[in-house]
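Here is how the chains run, residue by residue.
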Amino acid sequence: MNVAVTVNGTVYERDVEARKLLIHFLRDDIDLTGSHIGCDTGNCGACSVILDGTLVKSCMVLAVQANGSKVETVEGLADGEQLTALQQAFTDHHALQCGYCTPGMLMSATSLLRSNPSPSDEEIRKALQGNICRCTGYWNIFEAVKSVAR
Amino acid sequence: MNVSGERIFSAPRATVWRVLNDPASMAKVMPGVEGFDVHDSGRWTANVKIPLGLGGLRMKVDMEKTEEREPEFAKMAIKGTGVGAMLNMVTSFDLREADGACAMAWSAEVKIAGPVGSMGQRVLQPIVNQQVENVLSALEVQVQEALRAE
Amino acid sequence: MLLREVEYVKPSSIAEALTNLAANDGARALAGGQTLINVMKARAASPDVLVDLSGLEELKGIELGSDGTLSIGPMTTYTELMDSAEARARPILGEVCSKIADVQVRNRGTIGGNLCANDPTNHLPPLMAAIGAELTITGAGGERTVPASDFFLGVYMTAVGQTELLTRITIPAGKHDGFAAVTLGVDGTCIVNAAASMNGSLRIAIGCVDAVPVLIEVESPDTVRAAVRAAALHPPDDVHASSEYRAHLAEVLAERAARQAVGE
Amino acid sequence: MTTIAPEKVEVGKSLLGESVPRKEDRRLTQGQGVFVDDIKRHGMGYLHFVRSPYAHAHITSIDVSKAEEIKGVYGTLTGEEVASLTDPFFQIASEPGGRIKDFSLAVGKVRFVGEPIVAVVAETRELARDASELVEVEYEPLDALVDARHALETDAPVLHDDAGGNLMWEGVYEWGDLDQAFAEADQVIKIDELHFHRFNSTPLECGGALVEYNRGTGQWTIHTNNQFPGFAAIMMGPAMRCGLDKLRFVTQDIGGGFGNKITSHPQLVTCCLLSRKLNRPIQWTEWRTDFHMSMSHGNERWFRDTEVAVKDDGTLLGFRTKALDDAGAWLRYEPLGGVIWAQVTPGMYRWRHIRVDFTQVATNKAPVSPNRGYSRMQHLWFTERVIDIVARELGLDPVDVRKRNYIRTEDMPYETPNGCIYDSGDYARMLDIALDLIGWDSMGEKRRDAESRGKRLGVGIGSTLDSGTNNFGQSRMINPELQFSGNNEVATVKLDIFGEIVVTLGTTPQGQGHETTASQVVAEILNCSLDDVHVRAGHDSYWNSHAGFSGTYASQFAVTGLSAVKGATEMLREEIKKLASVIFGGVPVEALELAEGGVRIKDNPEAFLPFMACGAIINANNAGLPEDLGVTLNCRYVYRPPFEVPDIERKFGNLTLTYAAQIHVAVVEVDPETGYYDIVDYAAVDDCGKRINPQIVEGQVMGATAQAIGAVMHETFEYDEDGNLLTPNFYDYHVPHALDMPPLHTGAIESPSPFTPLGTKGMGEGGGAGIHAVCAAIQDATGKIVTDSHNPYHRVWELMR
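The listed protein sequences correspond, in order, to chains A, B, C and D. Counting from 1, one number per residue, gives the positions in the first sequence under my numbering. Counting from 1, one number per residue, gives the positions in the second sequence under my numbering. Counting from 1, one number per residue, gives the positions in the third sequence under my numbering. Counting from 1, one number per residue, gives the positions in the fourth sequence under my numbering.
If you're looking for bench data, these hints aren't it; they were derived computationally from the structure. A portion of the hints provided could be inaccurate.
With a straight-line cut-off of 30 Å between C-alpha atoms, the simulated DSSO-like cross-links for lysine-lysine are [stated by the list, open to error]:
(1) A:Lys70 <-> D:Lys71
(2) C:Lys175 <-> A:Lys70
(3) D:Lys109 <-> B:Lys60
(4) C:Lys60 <-> A:Lys126
(5) D:Lys109 <-> B:Lys65
(6) D:Lys40 <-> B:Lys60
(7) B:Lys111 <-> D:Lys40
(8) B:Lys49 <-> D:Lys40
(9) A:Lys126 <-> C:Lys175
Cβ-Cβ distance ranges computed for the label pairs, FRET-style [claimed, not checked]:
(10) C:Ser149 <-> A:Asn2: 33 to 39 Å
(11) A:Gly80 <-> C:Glu5: 39 to 45 Å
(12) A:Asp121 <-> D:Lys602: 52 to 58 Å
(13) D:Asp305 <-> B:Asp94: 55 to 61 Å
(14) B:Lys75 <-> D:Asp162: 36 to 42 Å
(15) A:Val11 <-> C:Glu264: 55 to 61 Å
(16) D:Gly43 <-> A:Asn2: 21 to 27 Å
(17) D:Glu721 <-> B:Lys75: 57 to 63 Å
(18) A:Thr10 <-> D:Ser61: 47 to 53 Å
(19) D:Ile785 <-> B:Ala14: 18 to 24 Å
(20) D:Glu798 <-> A:Asn2: 53 to 59 Å
(21) A:Asn2 <-> D:Asp245: 32 to 38 Å
(22) D:Glu721 <-> A:Gly80: 57 to 63 Å
This one's a predicted model, so the numbers in the text were calculated from it and none came from an experiment. All C-beta atoms, glycine included, are put in the ideal place defined by N, C-alpha and C.
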């Protein structure tokens, strides 16, 4: 089936099978490999992207369902060389180690801060509940997101 | 997984025994049967599409009677091979006359392997109980039909 | 992660959706996909056609009637319900939805999908049974309404036939509700859950102990545990809980939900 | 979350000890990291494994014809082909385990659910899986052996006929004088059975590889996330009947390893064979369920018939126990687990008389391989359980029993009963800091507050050691014929034409920030800015910067990796000075110093030669330099830790170079009615010698803590009696999420190691301190003895009945 999906501002047209998941479309069909796959049951959130303004796990969306939609992935956050405040905060607070969950974390935190610029500690943890990390224990990630909250 | 129970059929034991030993009726007892062929009185094969809520599960089911004491006891080995699951089941039936009706005490040792198994025991056990319930109610229908035909 | 071949259609009306479903006995409705797509990844079961309901505006929306009854479109997401002013008429709905999985799942998962999937560990089937929701099912032959207590038939199986759709969830007015669960980690999958609602009598529905929610009615929270024992549950056992432990949790949580419902 | 910084040892301008931001972060926060599944090659075939649905069965027939007929399927590989094309993998074990025949695909028999049987390669991922469902395999199911305690019974199913039974390895470890100790004891505490459960660290990225075969040179380029290429090469070369140079390993970004990505050599061999057979690149990505069913489970270990010789005042004299270890279906790194625990035989305590009868058996479960805290975690859990059970039996406070028996600072370096030398540390002080961090003094008040809410409060301590930098000579205690000993790591540092400093490492970082800490060491020695130093990401055995033990495992980078970097950089420094002395017309080397990105004469700073000039001269303008100058500005250094081959008979000798210490305290609140419990407070104090980048070290402590909490509360690989894995993915294998995290207070002290060039100690595995602390806290809260390392709610409920 033919789909046209706008990803980080660029329109990509591809012919895809109905069974193709959005995460595979991003990684394999248009070579945006920033979003990752960490599980096969929709638990880990490494594939989180923002679809038409809504944070979703792209492993539970079919590519055909994204036809005509706007997708934002981690590759679209920075403005050229200029990292976002959140990306910079992740470095300053050592909020990443292997970096495999980081794209998903950044998308979840970005979505949170857009709707709630000054979240409480509990709201930050609740917003990141869908993103598994096995390296950091999350503590530094909470600090990084909190440091960007106004 | 061991499943067992007792069922009262309002029919003489002989009728229930006849149904249990008639491959044509037994094949109709299997959920979602699409075709079957009888090799001999003790062995038959059925192609079924077990109606799970979210989509059918195609399986080839081989049934073999392994033990028999007419009209009170029968034991069967059932082997189901499908792409979604591998089923190995040993089931036995004890039939007793109980004032005009027939009391059937049944037990089954069910082994399931393959992708279905990865859905978690707490989903699998209710599914098995549910399919066993369907089989018993279908058996009830076959027994009543056999009774009317007498 | 790699699904089997499947067809995909996106009807723009309920009628068209019903036609799509009737055209193939392997057709299944795709709501939020937070359960169905994962089952398809495991290839444990594979529909032949996916009928995407996201284009059906009639299945969305939450209305609050003058008599306090809530009418919820099945394609309403958990997040939409949590944010809805109308749904605050029955606070337990938003509270329970806020405990389901995580933000991403709640943004896409739907109330109707949760009910129609009827995974034994889901939160909403016992809640709807306890608060006495009414579920409207539309088929080629027209509409019929089924009480929640008759809606759930088995794992992934409800009164909604293969060629039918759940089109509306109606929730009577009420405020005295309770929900208690022991979960796998905070906001995790339920090991056992129980919902309760005080509406004249005290209705309690226990989840995760059978293929469908187990309903009991009692006079007061003090008799709940005895009533649960009387129901002679034999829940599944798995790595998280033995059958005996689940039966014990069922007693404790049913009582806690009941006390919350009567406001203790 | 509060972090107490250590007393500043010396606040110099030094870059060592500074939490500088990590170089790796720039690419990783923009999704520009390169993980294995990101790599694409024209015409590559996607590989999908047909895996066994049975735990134990003969394979009677395999038919791949239906699969191969499908358009777009490139080909398949079966166990039979592998058995003809390769030899069995080299076995570490002596008799009888050494006789098992391990190939990269199942041959004739399957031995655990999920074992790869046939590999199918196709044009797309989905087609490869579709085709794998058309491969027809006929099985003859056999009884499955799931409980290691039945493995040696006469009627137990036998996995490996070649080994003549399920016994894989056994050995007796005995030091000191047990009879004397038990004679002197006031009491002997008996503990029937303790069980350490099976789990692993489930890195978020599963295994994977993209393998290309070069027809001309007969060489494989293996892009992979294997974290111990040195070991993989030693296993794959002989099996594939090729020289190790034919196996080029390339890693860049790895999505977590934690030991679980050491033993992927069987899958890599299958990819290599297929890339040659089908003459196209092979892309293999392991999915979560594949990983759980088949990869690197942690050692499951029973400690039975334990006896502890103690004095009434809590002084510990010694213990004896029978350790039974479950290796799963294959020995892929085992039975090294049979000796690695001996690095920390006494734990942190001064008892001198110890005997362990160690037995390892095979079962129809996934093969065991290293997992964070490998084999030491199991033993340290055992010693901590013993301490808390002894304290309870004697009616003493666990804090006092620990303080009475901790090895004292003044005894350091301390030689343990089996010859390991604990280099430095102050365990008692660390315990005080930890207790202070969780408000030990106000614990009584907290207990009452919990009781008022119907909850039971419990406090538990977990004190562990991270033995770092293995002396591989200990493997000879497993098999005297092995020719391994010592350890090594390589680094190269060079000055490029335009003065760029380029560093290559032999390691395979999976989040430990090697590019950052390595550049801190280089910049410190060359006195230049961090930005001038470029550390190449990951590992490439083509860089000639690798050695037999190259890789990242077993908490050793801060010693082996950074010492290699220090060695290579110091060589470069001396070469720069040597060159400058010639350029400056014979100025003696001692009169020169490196500063501000160049070299100058100390008391005449204007005479300054920038690195760019040095690089240009040597690389592109070297006529006229003295014949015997011997300067290349391209230095390769191999760091070898100072080890001896241990005494095999007495099983005596220093098995690891450094001993970092961790003391954790957990506070739990248990709901007695349901067994549900929360960790309401947590403290972790760490001592790993000189810390190069404190923030990175603290990150490792946090990660180890979170994994330990997950393991003790939810994570377990459990099998039913037929050998089906009950937790095959994250649906049932619950790892900690954001909301599960308790408040954390961290502290640190620095006891520099006298044995390492930078005073650093290897750290990062953490010894499972969180498991011990939570088990002790549950024992305190429930008043019942905890005998299992895994305590989900239902077990806590059963404890209290």
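Comparing the hints with the structure gives:
1. Our distance criterion of 30 Å between C-alpha atoms is broken by Lys70 (chain A) and Lys71 (chain D), whose separation comes to about 35 Å.
2. Distance restraint check for Lys175 (chain C) and Lys70 (chain A): the Cα-Cα separation of roughly 40 Å exceeds the 30 Å cut-off, and the hinted pair is therefore not satisfied.
3. Proximity of Lys109 (chain D) to Lys60 (chain B) is assessed by CA-CA distance (about 24 Å); at most 30 Å being required, the pair is judged to hold.
4. Taking the CA atoms of Lys60 (chain C) and Lys126 (chain A), the gap is near 26 Å; set against the 30 Å cutoff, the hint holds.
5. A C-alpha spacing of about 28 Å is found between Lys109 (chain D) and Lys65 (chain B), which places the hinted pair at or below 30 Å, so the restraint holds.
6. For the hint linking Lys40 (chain D) to Lys60 (chain B), the alpha-carbon distance of about 39 Å lies beyond 30 Å, and the restraint is violated.
7. Our distance criterion of 30 Å between C-alpha atoms is broken by Lys111 (chain B) and Lys40 (chain D), whose separation comes to about 41 Å.
8. Restraint check for Lys49 (chain B) and Lys40 (chain D): not satisfied, since their Cα atoms lie roughly 39 Å apart, outside the 30 Å limit.
9. With a CA separation close to 26 Å, the supplied pair Lys126 (chain A) and Lys175 (chain C) stays within the 30 Å bound.
10. In this structure, Ser149 (chain C) and Asn2 (chain A) break the distance hint of 33 to 39 Å, their C-beta atoms being roughly 46 Å apart.
11. As the Cβ distance of Gly80 (chain A) to Glu5 (chain C) is approximately 42 Å, the hint placing it in 39 to 45 Å holds.
12. At about 53 Å, the CB distance of Asp121 (chain A) to Lys602 (chain D) agrees with the hint of 52 to 58 Å.
13. For Asp305 (chain D) and Asp94 (chain B), the hinted distance range of 55 to 61 Å is not satisfied, since their beta carbons lie about 45 Å from each other.
14. Take Lys75 (chain B) and Asp162 (chain D): their Cβ atoms lie about 37 Å apart, and the range 36 to 42 Å holds.
15. Evaluation of the 55 to 61 Å hint for Val11 (chain A) and Glu264 (chain C) yields a pass: the beta carbon distance comes to about 58 Å.
16. One distance hint, 21 to 27 Å for the beta-carbon pair Gly43 (chain D) and Asn2 (chain A), holds here, with the actual separation near 25 Å.
17. Separated by about 21 Å at the C-beta atoms, Glu721 (chain D) and Lys75 (chain B) break the suggested range of 57 to 63 Å.
18. Hint check: Thr10 (chain A) to Ser61 (chain D), Cβ distance near 51 Å, so the stated range 47 to 53 Å holds.
19. In this structure, Ile785 (chain D) and Ala14 (chain B) break the distance hint of 18 to 24 Å, their C-beta atoms being roughly 60 Å apart.
20. For Glu798 (chain D) paired with Asn2 (chain A), a C-beta distance near 58 Å keeps the hint of 53 to 59 Å intact.
21. At about 48 Å, the beta-carbon gap between Asn2 (chain A) and Asp245 (chain D) misses the expected band of 32 to 38 Å.
22. Between Glu721 (chain D) and Gly80 (chain A) the C-beta distance comes to about 59 Å, which sits within the given range of 57 to 63 Å.
Consistency note: the structure conflicts with the earlier hints numbered 1, 2, 6, 7, 8, 10, 13, 17, 19 and 21.
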